[in-house]
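Protein chains in written order, with the working numbering: chain A, 1 to 243; chain B, 1 to 243; chain C, 1 to 243; chain D, 1 to 243; chain E, 1 to 243; chain F, 1 to 243.
Since the hints were made in silico from the structure, they are not lab data. Everything numeric in this text was worked out from a predicted model, so none of it was measured. No false leads were mixed into what you were given.
Same chains, same label: a pair holds when it works inside one copy or across any pair of copies.
In the DSS-like style, the derived pairs of lysine-lysine whose C-alpha atoms are separated by at most 25 Å in a straight line are:
| id | residue 1 | residue 2 |
| --- | --- | --- |
| 1 | Lys142 | Lys70 |
| 2 | Lys170 | Lys216 |
| 3 | Lys70 | Lys10 |
| 4 | Lys12 | Lys89 |
| 5 | Lys10 | Lys225 |
| 6 | Lys86 | Lys70 |
| 7 | Lys12 | Lys216 |
| 8 | Lys58 | Lys156 |
| 9 | Lys58 | Lys91 |
| 10 | Lys225 | Lys89 |
| 11 | Lys221 | Lys195 |
| 12 | Lys91 | Lys70 |
| 13 | Lys70 | Lys58 |
| 14 | Lys10 | Lys58 |
| 15 | Lys216 | Lys195 |
| 16 | Lys58 | Lys86 |
Protein chains: 6
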Amino acid sequence: MVEKAMAPDKVKTGIPGLDDMIEGGLERKSVIVLAGEAGSGKTTFAMQYLYSGAALYKEPGLYITFEEQKGSLYRHMARMGWDLEKLEKEKKIFVLEYPPHEVDSFINQGNVIEDLIRENGIQRIVVDSATSLALLREDEYKRRQALLKTIDSLRKWGATTIMLSEAVMKGGRLNVRFGIEYLADGLILIYNIRKGDSRELALEIFKMRGTAHERKLCLMKITGKGIVLYPNQQVLAGSGGKF
Amino acid sequence: MVEKAMAPDKVKTGIPGLDDMIEGGLERKSVIVLAGEAGSGKTTFAMQYLYSGAALYKEPGLYITFEEQKGSLYRHMARMGWDLEKLEKEKKIFVLEYPPHEVDSFINQGNVIEDLIRENGIQRIVVDSATSLALLREDEYKRRQALLKTIDSLRKWGATTIMLSEAVMKGGRLNVRFGIEYLADGLILIYNIRKGDSRELALEIFKMRGTAHERKLCLMKITGKGIVLYPNQQVLAGSGGKF
Amino acid sequence: MVEKAMAPDKVKTGIPGLDDMIEGGLERKSVIVLAGEAGSGKTTFAMQYLYSGAALYKEPGLYITFEEQKGSLYRHMARMGWDLEKLEKEKKIFVLEYPPHEVDSFINQGNVIEDLIRENGIQRIVVDSATSLALLREDEYKRRQALLKTIDSLRKWGATTIMLSEAVMKGGRLNVRFGIEYLADGLILIYNIRKGDSRELALEIFKMRGTAHERKLCLMKITGKGIVLYPNQQVLAGSGGKF
Amino acid sequence: MVEKAMAPDKVKTGIPGLDDMIEGGLERKSVIVLAGEAGSGKTTFAMQYLYSGAALYKEPGLYITFEEQKGSLYRHMARMGWDLEKLEKEKKIFVLEYPPHEVDSFINQGNVIEDLIRENGIQRIVVDSATSLALLREDEYKRRQALLKTIDSLRKWGATTIMLSEAVMKGGRLNVRFGIEYLADGLILIYNIRKGDSRELALEIFKMRGTAHERKLCLMKITGKGIVLYPNQQVLAGSGGKF
Amino acid sequence: MVEKAMAPDKVKTGIPGLDDMIEGGLERKSVIVLAGEAGSGKTTFAMQYLYSGAALYKEPGLYITFEEQKGSLYRHMARMGWDLEKLEKEKKIFVLEYPPHEVDSFINQGNVIEDLIRENGIQRIVVDSATSLALLREDEYKRRQALLKTIDSLRKWGATTIMLSEAVMKGGRLNVRFGIEYLADGLILIYNIRKGDSRELALEIFKMRGTAHERKLCLMKITGKGIVLYPNQQVLAGSGGKF
Amino acid sequence: MVEKAMAPDKVKTGIPGLDDMIEGGLERKSVIVLAGEAGSGKTTFAMQYLYSGAALYKEPGLYITFEEQKGSLYRHMARMGWDLEKLEKEKKIFVLEYPPHEVDSFINQGNVIEDLIRENGIQRIVVDSATSLALLREDEYKRRQALLKTIDSLRKWGATTIMLSEAVMKGGRLNVRFGIEYLADGLILIYNIRKGDSRELALEIFKMRGTAHERKLCLMKITGKGIVLYPNQQVLAGSGGKF
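Same shape as in the complex, but just chain A (with noise of 0.2 Å):
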């Protein structure tokens, strides 16, 4: 696996539109941010990635949970037809649970997460998220040295992988917090404009370390079939350019 993982070849993102725009998916091993409010996707999204790794590409996948519940995220998965829990019985799928009082056993539990990596192939990980793993610390700078090793981890382990993080609306910026974004090798964001009294979600890819991406707003739909993005169609027009 060490060979695969080091090869400069792509993940497949499962999300229909995206590949396209990052020169055919992930970097392998790299470790990439998606970051949005509240209600924007952000679940949905990182469930696709590791759905579609599973059951199309081969990949196994682990999520890494210390807020969702396994039970109410795979019953809302299935209403996009992703059968989470037989893929989960195949090993296909894997999760890892932290209650509230468990996140920091996290941090220092690598090896039984690297053992879980290679005993079974993972390929894809999703950590939900980077925003709670650097609440555990209280200064700026602890939290970032807390994100820039598990990060690190990460890499390590071979994988590859998207962290949720929270990001707050300011200004018509979408603000990532804690800085994150400059340590990862990706920024997706996912924005949520008004236009009059509607909200249209829209994905941009913010950073992308090694990859020629699209610096552009993409109109994102969450679907019966999960997201799917629609690159050729306008975002601001109609918002007067405004979030």
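For this one, chain A is given, so just place chains B, C, D, E and F on it according to the hints.
Positioned in the frame of chain A, the structure of chains B, C, D, E and F alone reads:
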């Protein structure tokens, strides 16, 4: 009850117009945050949810409050024709009041509350408010853990919960405090929008896990019979698109 | 008095034009916050409330102050033709002054104040100001608890209370400090709106529990006979909709 | 002097145009805050108040400073034709300078200052500045108490006081620091308004207890004979209504 | 020297166009703050002040720095044709460098500096920067006292001083840090104004005690011979009045 | 080498179009801050600087990093055709990686680094990033002192340095953190400007001591051969002058 609670059925909110926006109602066992400024009708919304459950749907409800007094609450709601006193006597509505110095004990009284819920088949809970709970803790991490623990308990108890939360209007966005919207299953916002010298209330489903909800501002009025939504009326027109 | 206090009747504010906006007056036994910037007429409003109670409605009133001096207060109010000194002698107006270093003792003197209220049949109270009370405490939680405890006492004493509060104008919104508007039964705001080189005062009922109140800015003037409202005059027209 | 101080007469400010805006002058024994940015003419205003008192109205004045040096102050004011040195020798102007490390002693020297005031019949006081006084204390509550105590002393001494205060321009509003405007009897603001490449000064009476004052921006100039107001000239026209 | 320093004459700044805006120059013995963002030419302005004093007006100057290195400073200024090395050898320019860990000793070395000033007839001082001095202290009060003490010393030493200060552009205003503009005798601001893709520098006399100065933005350029002002050219035209 | 380093010659940046904007290149021995948001191409800029030095100008370079991993860095840069591995073997490129818990040791390892520089004739240094260094310290003063000490060391070592720094976009301005732009010899900003749904990169020379640099936004692209500037193309046109 457990079996029923795990079924994917929906809990009717009792707010005319709302259930149609969220695929028939709230997901059973979910925890939804209802946020708005002072005077935006959060308490009326919450009591309408409990009242309609008790009076129309045979779902007993529990109101847990750290702020409101039962006496004035009942008196105000009587204006809508809701006889909460009678429902309380019939064991269809329950109220737990925690005075300022006992809020902390709420968090440690899980068993007592759970017994109350199970013995009386309580299906609906309102927590007034999440803000009071969060303020018990000093730093952002502890606040989040306290909220997460409370949400876990609420889910375990099997009822469907609405947690009220204060929100602050800033730069045309209604910001929920303490990031509770990331932890809960849903977020409903009530805006108080200025239109010239007047104001109008508007409701928005910002997040609703596992639900294909509308992303649209919806005119809301507090009438003599409670809250009513007008999904087909424009809200921001006439306000210059501003809040 | 207790029986009367529990009746759902209304307390006349004595502010011409206001009672019609709130179904005839303030709810008896409620605690209402009146907030505005310096110089917006909060004290005049409060004294007009007490004066009209004492002089017109046979409702003795109590003014509890941590900031104003009785001497200059009486002198200023005499300009409106309000002889507060005489009313004080007739036991229709009472004043409790707490100098800076004794504010804390107010919170612990509940019994003394309660006796004063019961012995004299006091029906109206003004607290000047909630801001001073809140500032006694260091963190947000303790401030809120102190305010909640004070509001509880005020309700228990059976009078109808107006608590003055400082407010800060920011981004076209008047922000009340310390979140007291969530705890009180009502919130009345006084704006100081710029119109070119001039300014005009305007009043808004932002929250009034159990009352079908108007949600509309109302022109306000401080005349030689006290505060007068002009509900039918436009306020923001001519200010470009700005504050 | 006590008797006279309690009379409801007015203290002439000596600023041409100002007294007409505030019913003939400042209320005797009141404490007025004069706030503005650096370079807005606060010190000139204050000295004009003391000079005119001493030279025209037979009201000796006291300048209490924590910041300015008497030498350069006298030299600058001589430009207006104000011979403060001569007035000091004639015991019509008094100056108390507190170097940085002695500001605290001002608060504890009440008796000494009171003696000075009574022995010399001082009718006018300037405190430069309230900001320096407030900064001695660490938290908002202690700052407020220190300011409140100082204001109480000033009133007790029977003179009419102008306290200078720094202010910060933000979002078209001039914010006074530490909330002193709530505690004082009046608040006069001096704005420094940009008009294209230029700036103009403007004065506004924001608060004046017991006075039917104008609520209007008033053009202000610092001339060779001191400050002059132009109540009939438009200020914001030409600035786009912006500051 | 003392006698001369007390005379009301003016100190020529050596900046073409500036002296005419401030009645012929800086007031002798005054302390003026020069504030601007990084790259706005503060150091060039300061050295031009010292150079012209030493080379043209027979006024030796002292440069006290906590940040710049003499070597690169001299090299950069040589571009303007200013041979500071030669002037230093002729005892017309003096430089005191305080490395990071010795800034504190500056405050306690008053006597040494005073001796240097008196022995060499130093008439002009530049302090680079007030920001570094202020940062030595932890809270706002101590910072202000440290600045006040430094300003007092500078005045006592009898030279005319320019203190450089960092400033932060926010909402179209250039905010000086730590409120030093209230304590100093004058404040000169340098703006870095965007005009489409370009930027232009502009200078403004914001405060100048005892001086009838212009209140107008003035175009400023850094030429091959130092800083030049263009008082008759419009600045904000073409920038939409924005910064 | 010392002699050469003291010569006033220029260091070619290797960024096509940049050297012409800054009189032929960076001043030798200077320390320049390169600041931008995540994903703005800072690392590519820095490696292009080192690569062109090593491959074209016979100036060995050193990359000091607290954040990036050499492996992925080399792989990403190989896309531009830059064989950094080969240059490292030829002793033309050196890399020092400091893992999170060793950043502090960098500050104390001056001698080791200095030896490396002198023994290998290193002429160019990149520090990635100044932000990480600053975050090691807790308060603003200590951060500034740490940065000042690092800059002093870098100058002493005789190479020409680019320090990367995070920046935060706020109100149309790109704010560098910790005020490092005041301490360094130059500041180059990279903006990520929204134009409708798209974004474009733009570079601005904000400060460059001793250099008559342009003050103009310059279009920047990351091409398959590295960064290229387009000084003659308009940037803000089409963005409404906004960022």
